[in-house]
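Visitor: Just so you know, the sequences run in chain order A and B.
Quick note, the first sequence lines up with residues 374 to 1199 if you use the working numbering.
Quick note, the second sequence lines up with residues 14 to 65 if you use the working numbering.
Calculated from the structure, these hints are not laboratory results.
For clarity, every value in this text was computed on a predicted model and none was experimentally measured.
Be aware that a few hints might be false.
As the list claims (entries may be wrong) - Incomplete in silico selection of chain B near chain A, CB under 8 angstroms:
| # | residue |
| --- | --- |
| 1 | 15 |
| 2 | 16 |
| 3 | 18 |
| 4 | 20 |
| 5 | 25 |
| 6 | 36 |
| 7 | 37 |
| 8 | 39 |
| 9 | 41 |
| 10 | 42 |
| 11 | 45 |
| 12 | 46 |
| 13 | 49 |
Just so you know, even glycine gets a beta-carbon here, dropped at the ideal spot from N, CA and C.
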Amino acid sequence: MSIAEGAVAPPRAAPALCAHCGLTVPPGLVDPAPVEQDAPRQFCCHGCRAVYAVIHEHGLDRYYALRNLTDAPPAPASPTGRSYGEFDDPGFQARACWSTDDGLAATELYLEGVHCAACVWLVERLPGLVPGVLEVRLDLPRSRALVRWDPRAVPLSAAARQLDALGYRAHPSRGLEARALRRQEDRRMLARIGLAGAVAANVMAIAFALYGGAFHGMEPEYASLFRWASLAITVPSVIWGGGVFFRGAWAALRIRTLHMDLPISIGLLAGFLHGAVNTLRGTGDVYFDSVTALIFLLLAGRYVQRRQQRAAADSAELLAALAPSAARVIEARGVREVPLEALLPGARVEVRAGDVVPADGVIASGRSALDLSLLSGESRPMAAGPGDRVHAGTVNLSSRLEVLVEQTGEDTRVGRLMKLVEEFGRRRAPVVELADRIAGHFVAAVLVLAAVTFALWAPVDAGRAVDHAVALLIVTCPCALGLATPLALSAAIGQAARAGFLIKGADVIEKLTRPGRMWLDKTGTLTAGRAALLAWWGDAAARPLAAAAEAHSSHPLARALVAALGPAPDLPVTITETHGGGIEGEVAGRAVILGSPEFVTARAGFVPPEFRRRARDLSDGGLTPVLVAVDGAVVAAAGFGDPLRGDAGPALARVRNRGWRVGILSGDDRVVVAAVGSRLGLDPEDCRGGVSPEAKLRAVRDGAAAGSVVMVGDGVNDAAALAAATVGIAVHGGAEAALAAADVFITRPGVARVADLLDGAGRAMKTVRRNLVLSLCYNAAGVALAMAGLINPVVAAVLMPLSSITVIASSYRARSFTRAEAPPCR
Amino acid sequence: MFVLLPLALVFAAAALGVFIWAALSGQYDDVHTPAVRMLYDDEPPGPSRQGP
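Make a model of the complete structure from these sequences and hints.
Guide: Structure (structure tokens):
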């Protein structure tokens, strides 16, 4: 078989840059006679041209000056020209909008295409463009815009249309209430940290005075004043700040589990009560500075950890907002956009080329090619015509369809899969984190040691025995231990996010370090996820003719051919396209037929055996064969397929070196999967093709019973398997369902990122273990000193922050995930 | 000292109160965009001039 990969060189880059996005303009689109004589403007696509016109027309050219100041990566604009009619639907408004006191309405929109600081400027100019819109505030890191408008003066759809015209597609924000609740929680946590920090600093200042007094003598009434003052300001910190830990410990005790909060609470309470009693009595040590510093550091650690996990979850949620929210219903009076929720079985909907099918149904009229990869993982586009079933979530590739809706929402195949995903998410066993596992032994050990200390000192002096036992409880309060894992893991998660890995939970990192089985979905993970010309056999002179003929088709294979053969030469072309077959017509006076072997056989009448064999070879090799006939004779055979990513081989080798057993679990054709597997040197037994979503789930569940299973995938067909796996990893370009189900989302393409993730997780766990050892060493030293009766408030005040600082430094110094290249723009 | 210490604590409490109010009213929700926005606020919102 003569498959020459990359046999055709890509067209050479032209120097012209797009006036809107700054990307190189494809040579075929360079405008030889620009409208403006003084400043020739070129555009890379129609979208950029339209957006540029809108910006220019409104006198907002300053956007470009601002954009050039930022180093944001270029991104072509793609206005859709949608009507956004569903934004004015009363049901939609009730769900996504709220009214403010002054009779105005407000909503939060997620804007697709926001990527740099200049976007803030452009988006916030909206009130000047659409009268009736009063204010727009954009939250850049989250791409959310708060829009306030006067519903009597202007409909929300008008604002959305204007944003669309500027190149920002507006999507309704989902889960508003849950987010408001979380925001409230975040704010309260920040206030708590502020209080704990202020108290800790002030108590520390007072404690310095007390230490000075302890060494050089102090009037008893001053010493008493200082103690009472520190007691007074410690109380709010313990009640409000420390309450977080007491509640956690109490909740854990009630369900009879041990949690890190328990030893922390014991230490905090012992320190505080001992100090309070000694203040009342006027003698003995007080440990208020240690207690307050502890609360502050632990709260800060929790906050950092939560923020990191929140950021990862938020990003995945943003992508969820991208799902289509409207359907175009055909009515007697014309086409109307309605929210998906209002779509009912029996309706007739229009699905334009490039749109996502909104519901399950039957094609009523129109012929087109459908991209089913979301549902089946099958990478080859499927032809569909009247009477064929279509499923929600598939993409209509080439021409307009009318679909008779049969099932909507949760009753669609996608909807049922999503329900499975949710079930698995709920049923998943709670994870016991490493620190919590240690906490159990820790509590027991500390209580035993405190009892031993008391027993040893009781014969000497009962009062001092209590002092020493309490001192032991305080110094062993596992501040460093409590910070050790959360800080190391959240530092790692933060680094990971900057490197393009969104990790939703800290436990994921630990699980990724225990090798087991790894299943990869083929489409889009190991391969590029789109058709490309991989083989050409035959007469090279037919290439320009083929390219010219295909330049007029929007079929994915046609586009792949044009992309590979370069811009079509300017030849007079008349063609007719047969869906599911091929095209025929005249190029520069020569009859050209191009299409599947059956199509070409039918039209050309005869295919030489040589070419028939070629076509069969291509098909057996997992490629889609296309024959080219010129003037009635077959002259060339082309093979199209989903090309393997260049980094796939070395990356899989790295994963296997870590002890993982790698396999492919794909909905794609068996032959295609076997071909890819053998190229990667995988065990043929581990390369399974033609696997349905349900079978994927079964394979992952069977594996999960035996050990840890990592599933890497991107489609809705993987979602249930992702949710059931020990760790589900969704890769770049994944579907909404996959993102929701996965534990990790990788924002950059390539299977090498999976190997990077495993490496990073390994390094992060090494840091965690180092932290645990460090903090246990400090605690051992503390226990030894306390049992020997050598702990006093000064020693405790030095020992505790020192141990915390060691752990913090160790966490943030570690470079678990490094940024290999600039992250993609969002 | 008996006057100074409580006085200092009152000041500290006032500062803390301001911080807690700011945090609870959401002024720390987005600490990134305002830094960018102030750079552009040198002209009133809306098209100040029609395109050339």
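Visitor: Hint by hint, say whether it matches the structure.
Guide: Against the structure, the hints come out as follows:
1. 15: It holds, given that the least Cβ distance between residue 15(B) and chain A is near 7 angstroms, below 8 angstroms.
2. 16: violated (11 angstroms)
3. 18: At 6 angstroms from the nearest chain A Cβ, residue 18(B) passes the 8 angstroms test, so the hint holds.
4. 20: violated (12 angstroms)
5. 25: holds (6 angstroms)
6. 36: holds (4 angstroms)
7. 37: The hint holds - residue 37(B) has a Cβ within 8 angstroms of chain A, the shortest such distance being about 5 angstroms.
8. 39: holds (6 angstroms)
9. 41: This interface hint holds because 6 angstroms falls under the 8 angstroms limit.
10. 42: holds (6 angstroms)
11. 45: It holds, given that the least Cβ distance between residue 45(B) and chain A is near 5 angstroms, below 8 angstroms.
12. 46: Because about 4 angstroms separates residue 46(B) from the closest Cβ in chain A, which is inside the 8 angstroms limit, the hint holds.
13. 49: holds (4 angstroms)
When the structure is compared with the earlier hints, violations turn up for hints 2 and 4 and for no others.
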